[in-house]
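Sequential numbering from 1 applies to the sequence shown in my numbering.
Think of the hints as simulated: they come from the structure by calculation, not from any bench.
The beta carbon of each residue, even a glycine, is placed where N, CA and C say it ideally should be.
It cannot be assumed that every hint is accurate.
Here are the simulated EDC-like pairs of lysine to aspartate or glutamate, each with C-alpha atoms no more than 20 Å apart in a straight line [as the list claims (entries may be wrong)]:
1. Lys32 <-> Glu56
2. Lys45 <-> Asp149
3. Lys17 <-> Asp39
Label pairs and their in silico Cβ distance ranges [unchecked claim]:
4. Arg87 <-> Lys169: 50 to 60 Å
5. Asp39 <-> Asn97: 16 to 26 Å
6. Ser47 <-> Gly208: 30 to 40 Å
7. Leu28 <-> Ala209: 34 to 44 Å
8. Lys169 <-> His72: 32 to 42 Å
9. Ile19 <-> Asp206: 32 to 42 Å
10. Glu132 <-> Val42: 26 to 36 Å
11. Arg15 <-> Ser36: 37 to 47 Å
12. Ala33 <-> Lys169: 49 to 59 Å
13. Arg130 <-> Val42: 18 to 28 Å
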Amino acid sequence: GDVFKLGHKTCFRLRLKPILLYSSTDLLPDLKAHASTLDAHVCTKWSPQVTHVIQEAGSELVPAAVAATLTHFPVVTGAWLAAMTSRKFFAAPDLPNPAVYQPDAVLLPQPSGAGAPYMRTPFSAVLALRSETQLLQGLHFTFSRGFEDAGLQACISLLGGVVSEAPSKESLMVTSGTCQTPTDALPPAMSAITAAELLVCITTKDRGALNCRLASPTQPPRKVLLPPGQQQQQQQ
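With these hints in hand, go ahead and build the complete structure from the sequences.
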C-alpha cells in the first residue's frame, strides 16, 4: 500500500508478493527458522503460485524443479534462505542472486539392475529444457487412478504434451513411484510408465524411449528405485 513519488507527478505503487517455497521433504530446523524469518510459506505441492523451489545439490530431482525452471522461477538450495536472512538491506543489489544458489548437480533414478540406483546429472541439463518446448508434442498422458503429481503434469503441458483424464490406447498411463499397474487394469493396447522414469526421459530429452513405449504396449513400466526413506514409506 505504500506509494513512492519520484519526480514531478510520477508515482509507483508497490505490492508485496509473499515468498512461497516448494519443498518435497520437510525442511531442516535451521532452514525452517530462515523461512520463518523471511515470513515465507512452505508447501509440498507444486502450483503456479510457488515463487522458489528448494532443490539441494546432489539430491533426487523433483518434477517441481523442472516445472519452475520451465516457467523461469528460481530453483535454489537451502543456502539461499540463509543468504537472504543475512542480508543487510532488503533491496537490490544487496539481495542474493538466486542463480548463484542453483544446485550444481542432481540425481536421476535408474531402473533396477542398472548397477547404480542414481545417475548424477548437471543441473544445466534441466536448464537446457527451456529450449525444448515441443519435446512432448503429440504425446498424451493419463495419470493412474489415485495418483496426482501437479509438478509433473505441469512439465508435460509446458513441453507440449497433453494430460487427459480419459485413458486411451494413444496415451501413456503414468503410475506412481515403483508401483506397476497390473496389465489387466490397463485399457487394451495401452502402455504404462512410472513417474520417475518419465522424469528421466524428460530430463535426458529421450523422446525415443517414450515413442518405443507407445509402440510396445505390452511392455510393463520399468521398476525405478526410490531413496531409502521413500522405500520405507512405501513398505508401510
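Each hint tested on the structure:
no., hint, result
1, Lys32 <-> Glu56, "15 Å, holds"
2, Lys45 <-> Asp149, "8 Å, holds"
3, Lys17 <-> Asp39, "11 Å, holds"
4, Arg87 <-> Lys169: 50 to 60 Å, "55 Å, holds"
5, Asp39 <-> Asn97: 16 to 26 Å, "21 Å, holds"
6, Ser47 <-> Gly208: 30 to 40 Å, "32 Å, holds"
7, Leu28 <-> Ala209: 34 to 44 Å, "35 Å, holds"
8, Lys169 <-> His72: 32 to 42 Å, "36 Å, holds"
9, Ile19 <-> Asp206: 32 to 42 Å, "34 Å, holds"
10, Glu132 <-> Val42: 26 to 36 Å, "30 Å, holds"
11, Arg15 <-> Ser36: 37 to 47 Å, "22 Å, violated"
12, Ala33 <-> Lys169: 49 to 59 Å, "52 Å, holds"
13, Arg130 <-> Val42: 18 to 28 Å, "26 Å, holds"
In this structure, only the earlier hint numbered 11 is contradicted, and the remaining ones agree with it.
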